[in-house]
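Peer 1: Letter by letter, the chains look like this.
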Amino acid sequence: MNKNCSENNYFPENLEFFFEMVENARDGINITQNGVFKYVNRAFCDMIGYTREELCCKTASDLLPEYDKKRMVKQHFGKIEEERNFGLDTTTLIHKNGTKIAIEFNTSPIMYEGQSASFISIRDITERKLMQEKLEQSEQKYRNLVENAHDGIIITQFGKFKYVNRAFCSAIEYTEEELVENPFLMVVAEEDHSKMIEYHKMRMAGDKHQMIYEAKGVTKSGKVKYFEINTSYIEYNGHPATFIILRDHTAQRIMEDVLKASEKKYRRLFEAESDAIFLIDKETGRILDANPAATKIYGYNHDEFLKLKNTDISAEPDKTKIATAEDHEFVPIRYHKKKNGNVFAVEISAGVTELDCRQVHIITARDITGRLQMQNELKESEKKYRTLIEKSLDGIVISQDGKIIMVNKAFADMLGYTIEECLQNFGPDSLATEDRERVMDIHFKRMRGEVGDMRYNASLLCKNGKKVTVEFNSTNIDFNGKIASFISTRDITQQIKMQEIIEKSERKFRELADLLPQTVFEFDPDGNVTYYNKAGRLVYGFPESNTGINAIDVIEFNDRQRMYDTIVNAAINKQVNLVEEFTAQRKDGSTFPVIFYGNLMYENGQYIGARGLVIDISERKAMEEALKKSERKFRELADLLPQTVFELDLNGHVTYLNNAGRMAFGFSENDIAFPAIKGIVPADHQKLKDNIKKAFIEKGRDGGMEYTALRQDGTTFPIIIYSSPMTENNKPFGIRGLIIDISERKAMEEALRQSEEHYRQVIQSLQEGLFVLQDEKFIFVNDAIVNILGYTVGEMKGKHFGTVIPPELREEAVQRNIGRKSGISESWSYEFKLLHKDGKTRIPVILSTNLTELDGKTAVVGTAKDISERVKAEEEIKAAHKRLEEINLDLEQTVRDRTKELTKANTQLLKLQKENLQSQFDVLKQQVNPHFLFNSLNVLTSLIRVEPELAEKFTEHLAKVYRYVLENKDNELVPLSTEMNFLDAYIFLLNIRFMDKVQVNIRIPNGKMSCYIIPLAMQLLIENAIKHNAMSKKSPLVIDIFIDKHNLLNVVNNLQEREAHMTSTGVGLKNIQNRYKLLNNTVPTFIKTETQFIARIPLVEE
Amino acid sequence: MRAVIIEDEEFAARRLERMIAEIDPDIQIVARLESVSDSVEWLKKEQQPDLIFMDVHLEDNSSFNIFSSVSIHCPVVFTTATDEKSTIIFRQNNLDYLLKPICGDELRHLIAKYRNFDVLNYKQVDVQIFSNAKNN
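Chains as they are written, first to last, in the working numbering: chain F, 7 to 1108; chain P, 337 to 472.
The hints are simulated quantities; they were obtained by calculation from the structure and are not laboratory data. Idealized CB from N, CA, C, for every residue including glycine. Just to be clear, a hint being listed does not mean it is correct.
[Said to hold, decoys possible] Covered stretches of chain F (in silico footprint by chain P; criterion: 3 or more residues with CB under 8 Å from a CB of chain P, positions within the stretch not fixed): (1) 943-953; (2) 999-1006; (3) 1036-1042.
[Said to hold, decoys possible] Straight-line Cα separation of at most 20 Å, EDC-like style, residue types lysine to aspartate or glutamate; simulated pairs: (4) F:Lys102 with F:Asp68; (5) F:Lys863 with F:Glu782; (6) F:Lys1033 with P:Glu358; (7) F:Lys1040 with P:Glu358; (8) F:Lys1039 with P:Asp374; (9) F:Lys1033 with F:Asp1050; (10) F:Lys80 with F:Glu110; (11) F:Lys540 with F:Asp594; (12) F:Lys878 with F:Asp1002; (13) F:Lys469 with F:Asp400; (14) F:Lys409 with F:Glu456; (15) P:Lys421 with F:Glu1065; (16) F:Lys580 with F:Glu550; (17) F:Lys906 with P:Glu358; (18) F:Lys344 with F:Asp373; (19) F:Lys700 with F:Asp690; (20) F:Lys1039 with P:Glu420; (21) F:Lys1033 with P:Glu420; (22) F:Lys473 with F:Glu506; (23) F:Lys910 with P:Asp432; (24) F:Lys1040 with P:Glu420; (25) F:Lys910 with P:Asp441; (26) F:Lys959 with P:Glu346; (27) F:Lys593 with F:Glu550; (28) F:Lys906 with P:Asp441; (29) F:Lys805 with F:Asp781; (30) F:Lys906 with P:Glu353; (31) F:Lys315 with F:Glu353; (32) F:Lys1040 with P:Asp374; (33) F:Lys343 with F:Glu388; (34) F:Lys472 with F:Asp400; (35) F:Lys1039 with P:Glu346; (36) F:Lys884 with F:Asp990; (37) F:Lys871 with F:Asp1046; (38) F:Lys871 with F:Glu958.
If we strip away everything but chain P, and leave its shape as in the complex, we get (with noise of 0.2 Å):
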């Protein structure tokens, strides 16, 4: 399974990386990303991974921003640090989310839930949702 880390902080996305190949070792981590125009850009050019773990708070912006200029066809997991409107929004909208600093037990639940899923039933996420968002 592929999987990309979108992460500022270079030492939580290593942690992250040490904790998914604990959780599973079969679980590639082909990109790292700091930017949200780091992640627009390898989007466009590269195939989607199987899965995103996405933080929030990134370099130059939300992370939301990367939705509304790239379409995104894999589950992406949130992570953030404690931001309530997010967290309202991911609770609101059903989508799957991590507090950092990130629980083994509830990645490890995540990434046992993306491992079998079928892609084709993975409701995109709506762009909508973050301009919603934004502007509350």
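If we strip away everything but chain F, and leave its shape as in the complex, we get (with noise of 0.2 Å):
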């Protein structure tokens, strides 16, 4: 646009134009005329608070100040005369309000109403005023900021320093002068300079950035500073320009390196720790760090740690809380668990500090398993090591330069000290005079080093004087870092006294070899001769020198091998006595059989030889022989014999059997070294056992015992076996003997005992006598015979028959005779009588007689039965039957007057009989069985009545049965014959009453009557066998009484056993017994068999 610039259009047409402007201006104009305001604006009224009409009145200097109102008004009114200094200055006004108003005018004159006035245009300035204030004050306060400020700050523009402040000073070491429009990078680093040029660059691009960060500095002095950089962007003089905070950074680095170096330091400590290291939060007991080593030990990676609790890791959790609540500090010994739950020790050092305002506890924690295991190791190798020395039964000593530093117990023993003792007496003078230097010199030597392990003897004193031989084996040792002596020492005392006896004894040894005949010598393994006495030198012929002769030379040479391989396999099975016959040879070359006698001897198990003695036994040899040949000729004759000849070894075993053995017993010739009882029934078998071992034992020769032998095909034969032991140095070694077959002999025997059995039997069961008579004499009677005639079978023996025969009857007895001879007649039987031994008595006898033939010879073989009771008996009870007879013939009356009188007086006869009886038997009625009286009594009632004749003979027997028991109630034992007369008289009894239903036998032989017996016994078995046993007329009770072979007397009744209603007599049999019993005597026995009762009582001989 085409300015137009000129004059007119600088002013407006318009002066009311002019008038608003003034009127409406934003500044304050005013006229001043004097001082006094001629005009005043809107804008000035308004800035001071009057109206216009107010200020007509008013000077300006009203609205002044004080204290400005003469500079002004002077100024004013200078300005006029000096052609006023017009211009801008400024003042304050006082608003109406009061308030101050600072303002800024301007004045130029004019020309007002024909005076010089001053147009004023003011402007109210206050707030910049106020403006210019606050800038002032922050200019300050900035100015103060920034030059008080501990950190540099600068300005720079363009690379160059636009302001620096004190602090930048004094850190770079430059002032202000030296610094202000100089290059910045002369205070930086070499190496940075690259580093802020390309900042700086960005920078003045109008790369407006703020930036903090470091670079290096050097101070004037040459010192490197680091600074933190904060940079930021401001426009300087109009320009970009670098407003940068300083901040010395240069201690802090240096910190920061040697923590950084530390910390490096550290973590490579604590990552190449091989302990585990663990951090440990005290409160939580939470894990907040574990090196690489806590992995390796415990398990866990990192991060599963950092999730665990000290107490999770540790076995003893309990222990570990309390340790760690406590801060303790060090623990020997605790044991952590590891992640796969293995247990291990560990020894933990902690110490605690701060991280991060928490307690945390750095727990060092150190597997000591291993070292645990070697402190254990060492424990139990020290006490090893201190019990072998302690025990030792060897002596130990530990010297040091002389002195005497340990001793265990045995060495202290030994020298009969304690060890306190040793250790403070003992030195050089204890060891034995002749010794002491010698050994003392030994020891030094070993403390200088001079000498190694050295073993030597030498004596030492004891406590109590005496000197002992000890042997030293001695060592070096490291003792407290220097060199020691360790001796072991034994006690060799003994030892050697041992040897000095055991050369002694040799020495006698060898003398006494010298003096036997027999050879004694010693071999090597290799069998060289290392020894042999002078016998052996002399039999042998080998030279006095023992060089060079081998055992193998003195044996014979085919005998040598057999030798050889016998000692090599003795060596080989450590064999130790030897025992071997060879031919021995002479140095001559002659020969003759010896007996080796040896003794191996071993050493570490090895063969070292052996000793012995060698005895010549030509002799022996040669007797042996001669024994050979011997038996070779029993043998052959043995043989040749008909009879089984046999031997026997130790153990029963047939070591020899002739021909004839083998031949009788079955065996073959295959048969050998069998026992002996192979031939022998099981029967016997024990029995020639115990022959064997008698033979054996007593040495003697046995006459012959029988035995049944048995043949190898089962069938056996009766043997009779003489035998005698056979003995070698009066040591039995085996049985001889022969054997010869008695089958024949014994079957004889056997069919002569059973004949001789059954001959015997008939003539002992004979109740009648028997005799054979041969030329008329008697050669055999049997006892009953004695019992009839009274004579002993002696005095029977050799008599003449005629003898018995009674003189009136000689005759008959002849003709019978005769008769017999001329044999009209073989046999006979016929009643006769025969004379008693007294002469006077006759015994009737049926005697019944056979012919017959006795060794070649007739005989007569006779039975003579005596019938004198059976007689008496017979014509007594005929007797009584007649008159039995007689009276019933008669006529009742008569009879009975008769017998009425009779009876009348029997019956007082009896009754005082009886009465007496009566009054008897309350005595004896102990004595005896009282039913027997009863019944006594009972029978003799009805007699009376029925036969009174018989009743006073009844009577009478009573009587006499009574009159024993008196006699005799008082006798423990009676004599038999006695007994017997009491038994005629109660037998008499029994057959009134029982009559033909009572059959008594007695045989008893005269030469028994003289024995004892208890009195009544008898008695009391008969009434117990009528008691028990039913008999009648046809079967009636047979008792026998007889003597046995044992000497008891029997009372044997056949068994006809009636019901058991009466009252049992056990008692009785009882009785019997204990009346034997208090005799001391064999008892009574009572046997009942089937046919039979068998009562036996002992007989008492006188």
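Two chains, each in its own frame: build the complex with the hints.
Peer 2: Okay, structure coming up:
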């Protein structure tokens, strides 16, 4: 646009317009004349709060504050006069409300109403002033800030310092002058220049960024300083500049470096440490950190650790908790748990520190498993060695520099000291004088390191003054860093003594050996003879010197191999004793048999040779040969014999059996060494064994024992064995004998025996007397004859039979005899009477004879049955019966009268007797079975009425019975003869009562009559038999009384038992037994067989 | 009146016989038996008597055994020497018995009793009592 700058365009056309302009100007405008307001514009009025009207009367100085009034006026007026220094000025006006208004006014002179006036434009500069003040204040503040900042503050522009504060200057050691307008880079270290330039460029290019970075600066003195730079973009003098706050980081940097280094160091340590290190939060126990070693040891990785607490890795969580709480610094042993659950021992050292405001424990856990083990091993080892040394039986001494440092008990004991005494008193003086120097010399050489292991003997002095010879075994050891001597000692005093004894003894034995007539020798494992005595030398013809002879040399050539093998085998089997025969050879070549008694010697299991005795057995050999020949002869002889010849060994095995024997027993040639009992029936085995044993023990000859032999085919035959032991050196080694087959003989014997037995039985069973006559003389009588005739068997033998024939019958006897002899009749049986020994009594007998042959001659065998009793009884009974008949035939009346009288008389008699008896009965009732009397009386009662005469007889016998009882009641024993008398009476009574229902047979030889028996025993037994048995005429009770071969009185009855309804007399039997018991005699026995009841009562010899 | 004497001892039997004859001659002794077997045989064969004098102890056995082999319909007077067991049974069962040696008066008394005895009233001897006795 074209500007038209003519003057005309400068002023508006309208003056009102000017007035408007002035009036509405923003600035206050007034025109003052002589200090009075002539005109004020609206702005001015507003400015000072007065209205125009108020201002009309005011002077300008009214508006001024007091302090400025003078100046202003002066100025105003001065200005006017001096052509006024018009221009900009400031002052303060006072507002109507009193507030001060800072103004800036501009005065220009004008002509107002013909006078000079001032045209003043006023600008309210309160704000401006305030602002200026504020700005000033702010500037001041900032200046202060900047100036007094601790940090360096600089402003750089175009690479030059524009402003530097005090702090920077002092930090960088330059003055302000030196820095301002100088390049910034002068204080920057070389290495950071490029960096700085770069940044600077960026900033200058308008890159308005704020940066914080580090830079290295160099002070005036050359010191390196590290600055933290905080840069920002500002405008300075219209151009971009850098506002930089520099913080001296040097110290920090150094610290950081140190810390870094330290951290590195510690981290390295932490990392590298082979012990586990944990950082534990004290309060929670949580593991804050763990080093790799911990992972290695515990098995957890780092992350896993961070999830754990210290109690999680402890096997003793309670202890861990306590240690943590109490800040234990050192725990010698704690057991921790690995991830795999293994428990192991650790040593813990702990430190407490603070980290991030928490109490933290730094725990170092060292796995001491190995160490513990080592410790234990060491302890064990130490214990072992201590024990070794303590318990060693050898004395142990440790000495150093001539002093005893340690001894063990064995050493002390050896010398008779205590350990303390040894340590105190033992020194060179304890060595025997002769050895002192030598031993001390060795010791000090050792101290100097000049000797090694040594063994030597020396003598020590005991506490009691005695000397002991000791073997020293010494070596070097290290003790407290120096050489010390470790000596093991052994008391060899005894040993030395023993050696001397042994040497002496050996000498003695050598001398002895030389005295022996037998050869004594020794040879080594190779057979080389190391020693032989004088005898050996002479026998074999060896030279004096012992050289060059081998044991083989003395053996005859053919025997060498055998002997060699024998010895070698013995050595292999570690045999000690060896006995062997061989043929020896003299030096001249002649041979002779010998026996070698050797002792093989071993050392450490190795055969080191033999020692022994060699005895010439030539003589013995010769004897043996002769013996062999003799034996052969014997064997040949034995085989010729028809009887069995045998030999047994000690085990009862047959070692030899001749041909006859083999044939007899059925053994073949192949049967050898079988037990002798194989040829004997099992029943005789024990007998044979016993006899064999007896033969060996008693060594006596056996005159012949009978056995039953067993052939191998199973048949048996009786034998008799004659044997005697075979001895050698008075020791039995076998039995030799003869066996004779006695089958025939046995058979004969048996037949004879049987016959004899039969014969004997027959004879003895005879109740009758049996006799054998030959040449009219008695050659045999049995016992019964004796009983009948009163002679003993001895008396009868050889007696002429005529002596027993009563004279009146002799004729008859002769007749009979002739008749028999002439053969008219061979057997005879007739009644006869024989003469008793007493020459008077005739015994009625029934004789029965038979002719026979005995030993080639005729003989008469006869029996004689004593029928005297029977005759008697018969006669009596006959008489009784007769009378019975007579009486029956009579008229009863007459008989009654007569009998009445008789009866009366008898009755009276009997009554008397009865009374007598009755009274005695009371006394005797314990000794005689009351039943007996009762029964007797019963019978008597019947008899009196019926058979008075018999009654009388009955009474007589009854009286006899009781007389006997009376006479013998006080006797424990009575002679058998007496008892027999009583028995006769008693049996009479029985016969009356029972007649043919009872039969008592008594066969007691006269010889036995003098024996003693308990009174009334037989009566009781008879009564017993009657009580318990049925009896009738058809089947009578037969009671046999006899003496058997055992001298026992037998009372035997045939058994016809009736039902038991009676009071048993078991008491009675007991009574007998008891009475015998009282006599201390054998007790009677009572036996019941199928057919008999047998009571056996002992007889007592006088 | 027919009577039987069962007694094994001859003299005792004869005495009894004599005594009976003295007391009452009308009584006829028709049998003298000595054993159980004889007695049983006779009693089976013959007509039963009016009265039996029976001794307890016979040849072969106790007379009680007769009762188990043959039934006896007539009165029985037992005779016994002394047998406590038997006498107890007799007394307990009200059986007549005489102790030997027989007393004349007692015999007379019993004979009188049984002379006019009504057989039909007679209570037979119970065999059981003897087996009981045996067992006792």
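Peer 1: Report the numbers of all earlier hints that the structure fails to satisfy, in ascending order.
Peer 2: Hints 6, 7, 9, 16, 20, 23, 24, 33 and 38 contradicted; others consistent.
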